[in-house]
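Participant: Protein chains in written order, with full-length UniProt numbering: chain H, 1 to 609; chain Y, 1 to 288.
These are calculated hints, taken from the structure and not from any lab test.
You may find that some hints are simply not true.
[As the list claims (entries may be wrong)] The calculated DSSO-like cross-link candidates involving lysine-lysine, where the alpha carbons are at most 27 Å apart (straight line), are:
1) Y/K75 to Y/K138
2) H/K397 to Y/K75
3) H/K385 to H/K397
4) H/K385 to Y/K94
5) H/K385 to H/K312
6) H/K392 to Y/K75
7) H/K101 to Y/K138
8) Y/K138 to Y/K273
9) Y/K94 to Y/K75
10) Y/K138 to Y/K213
11) H/K385 to Y/K75
[Stated by the list, open to error] Chain Y is nowhere near these chain H residues, computed Cβ spacing over 12 Å in every case:
12) A16
13) S351
14) A423
15) A485
16) D562
17) Q587
[To be verified] To give an idea of the chain Y side of the interface with chain H (calculated C-beta under 8 Å), a few residues:
18) V59
19) T184
20) P189
21) T191
What you are looking at is a predicted structure, and each value in this text was computed from that prediction instead of being measured.
By construction, the Cβ of each residue, glycine as well, lies at the ideal position given by its N, Cα and C atoms.
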Amino acid sequence: MDLRFRDVEPTPEERAAIDAVLGPPPSAWEGGARTEADLRFASGGHAARERRDQLLPALHAVNDRIGWISEGALDHICRRLTVPPAEAYGVATFYSLFSVKPRPKRVLHVCTDLACQARGADAVRRSVEEQYGPPGVSWTPSPCLGLCERAPAALALEAGETPKAAVYGDLPHDEPVDLTERDEPAAEAAVPQAGDPSLVLLRRIGRADPASLDDYRANGGYAALRRAFDLGPAGVIREVLESGLVGRGGAAFPTGRKWEATARQPDHPHYLVCNADESEPGTFKDRVIMEGDPYALVEAMTVAAYAVGCPKGFIYLRGEYPRALRRLELAIATARSRGFLGDDILGHGFSFDIEIRRGAGAYICGEETAIFNSIEGHRGEPRTKPPFPVEKGLFGKPTVVNNVETLVNVLPILTMGAPAYAAVGTPSSTGTKLFCLSGSVHRPGIYELPFGATLRDLLELAGGATGGGLRAVLLGGAAGAFVRADELDVPLTFEGTRAAGATLGSGVVLVLDDTVDMARILLRIAEFFRDESCGQCVPCRVGTVRQEEALHRISRRPPGADSADDLTLLRDVGRAMRDASICGLGQTAWNAVESAIDRLGVFSPSEAK
Amino acid sequence: MTVPLQPPRRLLEITVDGEAVRVPEGSTILDACTATGTGVPTLCYGDTLTPKNACRVCVVEVEGSRTLVPACSRKAEAGMVVGTSTERAEHSRKVVLELLASSVDLSTTPRAAEWIEEYGARPERFGPDAATVEQPVKVDNDLYVRDYNKCILCYKCVDACGDQWQNSFAIAVAGRGFDATISTEHDAPLTDSACVYCGNCVEVCPTGALSFKSEFDMRTAGTWNEAEQTRTTTICSYCGVGCNLTLHVQENRIVKVTSPHDNPVTHGNLCIKGRFGFQHVQNVASDG
Ligand SMILES: Cc1cc2nc3c(=O)[nH]c(=O)nc-3n(C[C@H](O)[C@H](O)[C@H](O)COP(=O)(O)O)c2cc1C
Ligand code: SF4
Ligand code: SF4
Ligand code: SF4
Ligand code: FES
Ligand code: FES
Numbered sequence: 001m002d003l004r005f006r007d008v009e010p011t012p013e014e015r016a017a018i019d020a021v022l023g024p025p026p027s028a029w030e031g032g033a034r035t036e037a038d039l040r041f042a043s044g045g046h047a048a049r050e051r052r053d054q055l056l057p058a059l060h061a062v063n064d065r066i067g068w069i070s071e072g073a074l075d076h077i078c079r080r081l082t083v084p085p086a087e088a089y090g091v092a093t094f095y096s097l098f099s100v101k102p103r104p105k106r107v108l109h110v111c112t113d114l115a116c117q118a119r120g121a122d123a124v125r126r127s128v129e130e131q132y133g134p135p136g137v138s139w140t141p142s143p144c145l146g147l148c149e150r151a152p153a154a155l156a157l158e159a160g161e162t163p164k165a166a167v168y169g170d171l172p173h174d175e176p177v178d179l180t181e182r183d184e185p186a187a188e189a190a191v192p193q194a195g196d197p198s199l200v201l202l203r204r205i206g207r208a209d210p211a212s213l214d215d216y217r218a219n220g221g222y223a224a225l226r227r228a229f230d231l232g233p234a235g236v237i238r239e240v241l242e243s244g245l246v247g248r249g250g251a252a253f254p255t256g257r258k259w260e261a262t263a264r265q266p267d268h269p270h271y272l273v274c275n276a277d278e279s280e281p282g283t284f285k286d287r288v289i290m291e292g293d294p295y296a297l298v299e300a301m302t303v304a305a306y307a308v309g310c311p312k313g314f315i316y317l318r319g320e321y322p323r324a325l326r327r328l329e330l331a332i333a334t335a336r337s338r339g340f341l342g343d344d345i346l347g348h349g350f351s352f353d354i355e356i357r358r359g360a361g362a363y364i365c366g367e368e369t370a371i372f373n374s375i376e377g378h379r380g381e382p383r384t385k386p387p388f389p390v391e392k393g394l395f396g397k398p399t400v401v402n403n404v405e406t407l408v409n410v411l412p413i414l415t416m417g418a419p420a421y422a423a424v425g426t427p428s429s430t431g432t433k434l435f436c437l438s439g440s441v442h443r444p445g446i447y448e449l450p451f452g453a454t455l456r457d458l459l460e461l462a463g464g465a466t467g468g469g470l471r472a473v474l475l476g477g478a479a480g481a482f483v484r485a486d487e488l489d490v491p492l493t494f495e496g497t498r499a500a501g502a503t504l505g506s507g508v509v510l511v512l513d514d515t516v517d518m519a520r521i522l523l524r525i526a527e528f529f530r531d532e533s534c535g536q537c538v539p540c541r542v543g544t545v546r547q548e549e550a551l552h553r554i555s556r557r558p559p560g561a562d563s564a565d566d567l568t569l570l571r572d573v574g575r576a577m578r579d580a581s582i583c584g585l586g587q588t589a590w591n592a593v594e595s596a597i598d599r600l601g602v603f604s605p606s607e608a609k
Numbered sequence: 001m002t003v004p005l006q007p008p009r010r011l012l013e014i015t016v017d018g019e020a021v022r023v024p025e026g027s028t029i030l031d032a033c034t035a036t037g038t039g040v041p042t043l044c045y046g047d048t049l050t051p052k053n054a055c056r057v058c059v060v061e062v063e064g065s066r067t068l069v070p071a072c073s074r075k076a077e078a079g080m081v082v083g084t085s086t087e088r089a090e091h092s093r094k095v096v097l098e099l100l101a102s103s104v105d106l107s108t109t110p111r112a113a114e115w116i117e118e119y120g121a122r123p124e125r126f127g128p129d130a131a132t133v134e135q136p137v138k139v140d141n142d143l144y145v146r147d148y149n150k151c152i153l154c155y156k157c158v159d160a161c162g163d164q165w166q167n168s169f170a171i172a173v174a175g176r177g178f179d180a181t182i183s184t185e186h187d188a189p190l191t192d193s194a195c196v197y198c199g200n201c202v203e204v205c206p207t208g209a210l211s212f213k214s215e216f217d218m219r220t221a222g223t224w225n226e227a228e229q230t231r232t233t234t235i236c237s238y239c240g241v242g243c244n245l246t247l248h249v250q251e252n253r254i255v256k257v258t259s260p261h262d263n264p265v266t267h268g269n270l271c272i273k274g275r276f277g278f279q280h281v282q283n284v285a286s287d288g
């Protein structure tokens, strides 16, 4: 590879930000000052290229410091890592949190997604527009920020030597938004059940100081890891298999089988990736765990790594979670300094460490193979399966990918024992589940219930729907399905929702009362998939655009007008997206719209919205 | 020259549209279809490249699979039952053609019109306001033209320019979703990029989005006439490698140069000299 640069120098500030992440450049070949030796010996090459996975952290460094990524900054990163500039440009332009054009240091991200939409995001958007002018410069509309219990919400990101982030929740509707800094409510404010002794996964939230390892241990922390060391790796996998645990990230795959298959792979090292990209609109459970009980994730990852034989684990954390990032960084550093991470953990001869990698605004990077590409410094496009991650995952090595909630379930499995754990819930959906209640509901937040509770039970716990009456509930998020107000007896289990033609997905329960404009909600869903498609395959790249266009046409017609052609078109395109797309994004992009048409009767001639 | 013999490959049997066929292990479903003479349309598949399976026009139904699978990349497995023309497969192919034809100019994509007719695709059903990839043609050098109005984002040019062949990495995919395009860094002109004008991207482009400047100019002038052209395969005279050139000649002038993909050494790739260095042959004074 023979790199060609366009001779644009980075500013000293850009250079400092990049070199702070990558270390000082060893020679002029990698962007340092020229010495006589550089004229005689080439360096960089393979060694620099091996660090390609530092591309995303380096882009973050510039974006965090300057607010955007200039040609000079990009070139310097490319020199440092021997990455072709065209590829690095392709990566930088993939993520919505990065800009390759100048912009102000401070940008306000205003959520216009589903839960906020149901609570007046349109009005907030109007007042922000009045205050700050058209979107794109100092503010931008944003997909779900994972703050849905505080909807409508916004997030301000400010670049600088110490980058700042501020979140704003429960924004007032028709008055100017007040952006003075204020304290963010504690993580437990999102857990209406906090303190309830029957909680399993959420039991420490609000009780133990999330910053304190001692508090964590005083509340049962690290009992599971000790039990894991007693059982040995094979014993841990056996427990997880017998517990019946299935993944909570959306695909509901049996966790024990994934671990077993990866542990068996002869190729090494094995990697562990914790999927903390949480970007499904309406999902915020992983954020609450990471903010409220970060050591639990650290311990759970250590157990998983011990079972599967991983020396290294990554947490792929969505870029819009500043507080989770701070808390996890502290938890990891503290655990490391106290011998719970690093070499020879607790004297058991097992070594493991965790690195956090931040996403940069791309829902698709939550797809398990897109995560690998993103971490490795490529565009976050899903890979073709097979090969599956258990064979060839991160850096081409056997890899376990698990969701945050899935991982923390391993702690009660080990402390209670698999039989006791499996006794909770139903035979096919064992344990407890976190539900993300949002939208038109009196007490939104994260709820933990044993599998088997019905949607009605859950809504009652949350104080029922606001407004005049319940219109519909979106289960599973934008990739999920709507159920009607007369279907509240559906049991919230994997099998129960499947039998009802819906899905639990990531645990989204988005409540919509009769004041919510369903056509707007569907348009937002379509817009979300159009925005978030990676663009790799035709059914999704173009299909999501055509779906949005058709919905626009339908919703512009007077209620009751004939939209038969557009409905046929939606079905035809939807079916091809489901059947022929590469990954789950395209395959599910029509689910919610289809269920709104078929189950709710939205757009049927008799239905005047 | 001796060619090392490959160890014999095990044969496995699969069923394509009810017909049993035996193919060597490692073959794709597309190979099996070719063996039975079953036509499956392909666009992003390239005979000299690793399948990217991005266009999805080749999808077929495989028994037991939740979704359709791309024939061009999915490996045949013993006992697989493949349906190439089931209602489900044909539906997706038709819609993929509609989605492409409604957003991209397929006028120079060989066989596109034929397939659109065959599958009954109606790209116009998305209405006159359907979004397209329309943009100005990029003419920034004398050798080849990039007309991304015709680009289906098949990634072939990127793979040919990158680690699969040329290792120049002058172009990559930038942006995301419908806004994604093939681009140099910061969308700089090709002359400011790492491009070495090997034209290997032009060789693999399935749509004519990348074309010789000579072809582009003749098409613009309305003088391009493929039916009149002859093709002569010869050996490049510039250096000792001995690449094969296929000279496309119209009215006794070379109008473009391709290279046979089945050449065991070069697989259709050339350098700037073989690809574009033909002008001297025809620098004959016009008065003879
Ligand atoms: C478009 C898309 C986005 C996804 N986003 C997430 C996510 O944000 N978090 C997550 O845990 N899983 C996400 N998944 C599911 C993952 O691909 C994968 O199944 C999951 O992380 C596996 O972990 P589990 O078995 O513990 O659920 C997503 C899948 C798709 C197709
Ligand atoms: S389905 Fe969509 S997101 Fe997934 S690979 Fe295809 S274009 Fe990308
Ligand atoms: S001509 Fe060669 S170097 Fe230039 S973009 Fe095409 S493949 Fe790359
Ligand atoms: S320019 Fe041609 S080869 Fe490149 S992606 Fe577009 S259609 Fe494919
Ligand atoms: S924060 Fe607005 S929808 Fe989740
Ligand atoms: S030819 Fe198979 S996906 Fe494009």
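Participant: Take the hints in turn and mark each one as holding or not.
Facilitator: Right, here's what the structure says about each hint:
1. Y/K75 to Y/K138: violated, 38 Å
2. H/K397 to Y/K75: holds, 21 Å
3. H/K385 to H/K397: holds, 14 Å
4. H/K385 to Y/K94: Roughly 24 Å separates the two Cα atoms, so the pair holds.
5. H/K385 to H/K312: Cα-Cα ~23 Å, so holds.
6. H/K392 to Y/K75: Within the cut-off at roughly 17 Å; holds.
7. H/K101 to Y/K138: holds, 22 Å
8. Y/K138 to Y/K273: holds, 22 Å
9. Y/K94 to Y/K75: holds, 24 Å
10. Y/K138 to Y/K213: holds, 11 Å
11. H/K385 to Y/K75: holds, 11 Å
12. A16: holds, 22 Å
13. S351: The claim stands: H/S351 keeps its Cβ more than 12 Å from every Cβ of chain Y (closest is about 34 Å).
14. A423: holds, 32 Å
15. A485: Holds, since 31 Å exceeds 12 Å.
16. D562: Label holds. Min Cβ-Cβ 15 Å, cutoff 12 Å.
17. Q587: violated, 6 Å
18. V59: holds, 5 Å
19. T184: holds, 5 Å
20. P189: violated, 11 Å
21. T191: violated, 11 Å
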